[in-house]
Amino acid sequence: MEHESVEHDEQIKRVVNENHDTEMPIINHLEEFRKRLIISLITVGFCSIISYYFAEELVGFITAPAGKLYYMQPAEAFFTYMKVSIFVGFLVSVPMIVYQGWAFLVPALTIRERAIAGAFIPAIIFLFFVGIAFSYFLVLPTGIQFFLGFATNELQPLLSVGNYLDFVIMFILPFGFVFELPLILVILARLGLVTSKMLIAKRNIVIFGAFVVGAIISPPEVFSQVMIAIPMIVLYEVGIFIIKYIMKK
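Everything in the sequence shown is counted per the numbering used here, starting at 105 for the first residue and increasing by one.
Derived from the structure by calculation, the hints contain no laboratory data. Incorrect hints may appear among the rest.
To be verified - Calculated lysine to aspartate or glutamate pairs in the EDC-like style (CA-CA distance at most 20 Å, straight line):
1) Lys348 - Asp270
2) Lys172 - Glu258
3) Lys301 - Glu341
4) Lys187 - Glu284
What the hints assert, rightly or not - Derived Cβ-Cβ restraints for the label pairs, each shown as a range:
5) Glu161 - Lys348: 26 to 36 Å
6) Phe158 - Tyr349: 27 to 37 Å
7) Ile131 - Lys348: 25 to 35 Å
8) Leu141 - Glu258: 43 to 53 Å
The structure presented is a predicted model; accordingly, all values stated were derived computationally and were not measured. Built from N, CA and C at the ideal position, the CB exists for glycine as well.
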């Protein structure tokens, strides 16, 4: 009886130890995520504080496509400066945020996957900013002129700086993520998960999905949705071209 009791106690200890071993990696995983998140938030906060000292110049740069703007409430200008500082602080922090995300995922990747992901980190950052620049310098001015073109003698635009800034952020930020599409397709092809034939076969679904995504992430009007969907479709075709003719897959 005493031997059976000792054996039973040892079984309980083994079960407890097994549960402890399975729980610890999860706890460590969450701790690592919290650490990476805090570093990213501190970086955004620090860059936002620095950006606030240049808030007037930044507001002037962002509002340039619309010309003269107004603020309708006493605190609207102040909150606009704050919002611009945080937005620019986030943009400046993107390289650090991407790095922290990569560092968090590294333990879960194979050696081959780490090599592929590490090689594409600079391209991720580059394409994000290319998308932002493309939207601001090419698409946004066209969109602003399109909307202002509806003005008449009886109907004159009176743009609020707060509403304009919200529109600009919601308009240009998605382009930073949309421009990652060719890179995502190339990475999937490198991992052997997709081929050019598979992507060509899904073209019609992607075209429909591009307009759906455009409707979800853009301001609630048709022009912005179309201006997001079209680059997404073009970038999808660029991804197919690279995979088919350069990577030969």
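Hint check:
1. At roughly 39 Å between alpha-carbon atoms, lysine 348 and aspartate 270 are farther apart than 20 Å, so this suggested pair is violated.
2. Among the hinted pairs, lysine 172 with glutamate 258 is consistent with the structure: their alpha-carbon atoms are about 19 Å apart, no more than 20 Å.
3. Among the hinted pairs, lysine 301 with glutamate 341 is consistent with the structure: their alpha-carbon atoms are about 12 Å apart, no more than 20 Å.
4. Of the pairs offered as hints, the one joining lysine 187 and glutamate 284 is violated, with about 25 Å between alpha carbons and a cut-off of 20 Å exceeded.
5. For the pair glutamate 161 and lysine 348, the beta carbons lie near 45 Å from each other, so the given range of 26 to 36 Å is not met.
6. About 44 Å separates the C-beta atoms of phenylalanine 158 and tyrosine 349, a value inconsistent with the hinted range of 27 to 37 Å.
7. Against the hinted window of 25 to 35 Å, the Cβ-Cβ separation of isoleucine 131 and lysine 348 comes to about 45 Å, which falls outside the hint.
8. The hint said 43 to 53 Å for the Cβ distance between leucine 141 and glutamate 258, and at roughly 52 Å that hint holds.
Comparing the model with each earlier hint shows violations of hints 1, 4, 5, 6, 7; every other hint is respected.
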